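Protein chains in written order, with our numbering: chain R, 1430 to 1729; chain W, 33 to 225.
If you're looking for bench data, these hints aren't it; they were derived computationally from the structure. All values derive from a computational prediction rather than experimental measurement. Hints may be right or wrong, so weigh each one.
[Claimed, not checked] Keeping only pairs whose Cα atoms sit at most 25 Å apart, straight-line, the calculated DMTMM-like set for lysine to aspartate or glutamate is: (1) Lys1534/R to Asp1627/R; (2) Lys1432/R to Glu124/W; (3) Lys1452/R to Asp1507/R; (4) Lys1433/R to Glu37/W; (5) Lys1534/R to Glu1651/R; (6) Lys1648/R to Asp1627/R.
[Unchecked claim] Each pair of labels, with its calculated beta carbon distance range: (7) Ile110/W to Gly1539/R: 40 to 46 Å; (8) Leu63/W to Lys1452/R: 26 to 32 Å; (9) Leu1434/R to Leu59/W: 26 to 32 Å; (10) Ile110/W to Thr1569/R: 37 to 43 Å.
[Said to hold, decoys possible] These stretches of chain W come out as covered by chain R in the derived footprint (C-beta under 8 Å, 3 or more residues): (11) 143-154; (12) 162-171; (13) 189-200.
Don't be surprised by glycine CBs; every beta carbon is placed ideally from N, CA and C.
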Amino acid sequence: MGKKLVVALIVIFLLVMGALSIKVSSAPQYGLAGKGLSGIGVIEVNGLIGASGSYLGTDTSSAGQIMKAVREAREREDIKAVVLRVNSPGGAAGASQEIAIELDKLRDSGKPVVTSMGDSCASGGYWIACSTDYIIANGTSITGSIGVIMELTNLQELFDKLGIRQETIKSGVHKDMGSAGREMTEQERAIFQDMIDDSYQQFLDQVRQGRKGKITEEKLLEIADGRMFTGRQAMELGIVDGLGNYYDAIEKARDLGGLSSESKVEVLNANKFWEEIFLSYDAGNVLGELISPDSQLLFD
Amino acid sequence: MTPTEIIYGIFFQPVSTLRYLKKGKPLLGGLLLFFCVILLNMIINRGLGILESQKMALAINADLFWIWVLLGPIFSLIILFIMAGLSSLLSEVVYGKANAVGLLVCLSFASVPGVLGPPLQYAAVLLGLSGLASFVALGVFVWVMVLQVLSLREALALQTGQAIFIYLLPLITMSLIFMAVFFILFSILPFSG
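Extracted from the complex, chain W is given alone in its bound form (with noise of 0.2 Å):
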């Protein structure tokens, strides 16, 4: 496949297109696309934060925004190894299977959807239809959401059940941690009154 193709597939024929992608492994190229698409949203949420700005009277206090700029793609790609590597962990411990770089590859172009959010929700702003720019965002949010759990079942040869009990156990396995620690807090705070 073309890159042409891939970027294409990614978009209207993803299972397929992940397919190939879990066997050819475009390790590079993956995490490239994965960099721009993170670079050009940064870019443009900018130009919509200033747009919101425009609206309210106020300066907005954007001085740290080369920090921003520099530490939010290397931050995003910890988190791709991190979900990448603890999701072949996690399938591999449950289910015996696991495929890390493949799954790192399929996740790279499955955040590729994601570069349409922002330019949409911009486009939308500039068109005056605020309230359709929320509708925009989500609607990519569970877009590149669906593409991520295919990516599980595709790269890890899991079912689509499997691929979302994995998707959600690291999420699962926070929010347990978060109660826990929030009734042993709880229980040992003394009762004021």
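Okay, chain R solo, but in the shape it has when bound (with noise of 0.2 Å):
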């Protein structure tokens, strides 16, 4: 008996002690530091931005994600300043755009937004920080690439020589425009360039818009070719509002949204125990990448 009491003692420890660590690993407050009942919120970008966010769940750059933070940061009453923290080289231009409106409905709620430059925020990385209020970068932070790129493939060669033959049947001229069994009509390359200008066009305006008084236009069109530049650059053109680390970000979100330097700092979308485990890989992602085409637009 006494045996059987000692051995249901230590389960029942062992049990509770694993219900209260399971419980500490789902809570909402994960990521949570700092005091108070108001605080920062932070939102992290992490990885190539796109609708889906990585299979092995390695990163955070999913859109949908993003804006799900987003969107928790505008509703929350006590999230009185956000700061983006940004580590992503860009991605697909629907996807930044996307995560950007969000954003600016963000910040037109009256909470300001500050950016926070890890290793890199380029292209699409920098259309998203465009729609805060601040932009912190460290100094070798990799920034800019102001642009818009699409890459196709043609295989055309490659199925000559292995005998496979593509049988297309299509209801319009160009339904197959992009087809990696064929070269490219220069009709075709002409739509696609529209396409290519027209984002690029986007994308200066954004940046027009963001970075309102702090370029010209003249310096904007001149360096928005696609290169990149490193945070001090940036600086030095007006690409960001000041140099420093996540912290000094933390700070300036403190200082926008009249915080105290006590005040908590909340990881709004980093990942619980259970999403961990069970979400990270999605099967339906898989399928819907397998089966879309390969030519979406890229920031990056």
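Each of the two chains sits in its own frame; use the hints to bring them together as a complex.
Given below as structure tokens:
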């Protein structure tokens, strides 16, 4: 009886501690630091920005998840300012634009947003940074790359060598534009170029709006040719507002949000315990990627 | 012995329990228990990591946790098999006594007190006794190590000194190999200056 009681007590203790641990891991305060009721929300943007995140769950780059976090920051009354921590070389045009639109809504609600650049915040990453109030970069952060690119592969000669012939049945003359099985026509090239130019103009508009009064039109057109800059060069050009690290961005956000130096900092899009285990691998996304064309517009 | 008596015995009467396990060889139960110990430890260590991260004003980057959850128990089982097999082989070579399966069972059950380490650490952190948590972890580590030596002694029918020698032999061998590699590299590297 004594032995059973001892073993039962050990098992109960283990179960209680295990349950507490899982509760902490799943709690919404995951990634929370500091004190007080009001504070800063940190939203991480890591890796290539796209409609879906990485299959391995190793980055937080899914537009859907980021927008959800931005919306949460807007709706929660205890979040007074936001730091957008970007460590991304860019990504899909549509995904970047979607995030930027949501960030604009957040700023319209009266909450300041500060961008903190990590190793890189270029192209699509910089697009979303332009929808924030203040941009802080490290001196060696890679940024800029204002431009749009679409890369298509022509595998016709490889198909010929392998004896593969693609049969296409289409509803319109341009339905298979960008096909890897044949040479691109001049008309198709012109259509693609128009798309690129239009997306580029939208990118320029975004930078004009975001950096209004901080960079001249002439200077912007001169540097907006896809080139990249270090954080220090970007500072001299007016592409970013200040140099500093993540903690400097937190302090700036506290300053803009009128918060004390002890106010809490909460990561809004950190993965939760069960999400990390079960939702990192999304078979639906894999399937979607396999059947979708590879001709999306990229800011990278 | 019932499962309850075995678990109680591992904690409070390890020698007689290990002698029973050596003969009874409940391999499946042992491996299952070992797997549970590793899994529970990982879950609680995860909670501990998050509690610690909350003190640091930084998000912890734990996106690869699910890989850890999958691979952790598998690697732990592989290491357990290697440890049992290698120790049995060394014992056979040095002392002419081998019992790989019996040793595997004993080592599986010897890990059981290890299940208390992270929960006690977690409880200490929750109670604001973070300093005590390290001592608890060290204590449990030593406890499991002593049980592993006892497992070697009982499963392989060795003297205590012989069991300690077999337990440390892979470590000593690895250290000697590293030292030899270090001295060889050091002797062939050109001197700067």
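- prompt: Given the proposed pairing of Lys1534/R with Asp1627/R, does the C-alpha separation stay at or below 25 Å?
  reply: holds (24 Å)
- prompt: the region 143-154 of chain W covered by chain R? Criterion: 3 or more residues, Cβ-Cβ distance below 8 Å.
  reply: holds (count 5)
task: Would you check the hint for Lys1433/R and Glu37/W, treating anything up to 25 Å between C-alpha atoms as holding?
output: Satisfied, since the Cα-Cα distance of roughly 8 Å is no more than 25 Å.
- request: State, for the Cβ atoms of Leu1434/R and Leu59/W, whether the hinted interval 26 to 32 Å holds or is violated.
  value: Given range 26 to 32 Å: holds, Cβ gap about 28 Å.
- prompt: Has the hinted range 37 to 43 Å been met by the Cβ atoms of Ile110/W and Thr1569/R?
  reply: The hint (37 to 43 Å, Cβ to Cβ) holds, given that Ile110/W and Thr1569/R are roughly 42 Å apart.
Straight-line alpha-carbon gap Lys1534/R to Glu1651/R, limit 25 Å: violated (30 Å)
message: Is the listed coverage of the region 189-200 of chain W by chain R valid when you require three or more residues with a beta carbon under 8 Å from a beta carbon of that chain?
response: violated (count 0)
task: Assess, step by step, whether the Cα of Lys1648/R is no farther than 25 Å from the Cα of Asp1627/R, and give holds or violated.
output: holds (20 Å)
message: Against the 25 Å threshold, does the CA-CA distance of Lys1432/R and Glu124/W hold or violate the hint?
response: Violated: Lys1432/R and Glu124/W sit about 37 Å apart, past 25 Å.
- prompt: Are Leu63/W and Lys1452/R spaced within 26 to 32 Å by their CB atoms?
  reply: holds (29 Å)
task: For the pair supplied as a hint, Lys1452/R and Asp1507/R, confirm whether the alpha-carbon distance does not exceed 25 Å.
output: Measuring from Cα to Cα gives roughly 22 Å; hence the hint holds.
message: Taking the Cβ atom of Ile110/W and the Cβ atom of Gly1539/R, is their distance within the range 40 to 46 Å?
response: violated (56 Å)
Hint compliance for this structure: hints 2, 5, 7, 12 and 13 are broken, all remaining hints hold.
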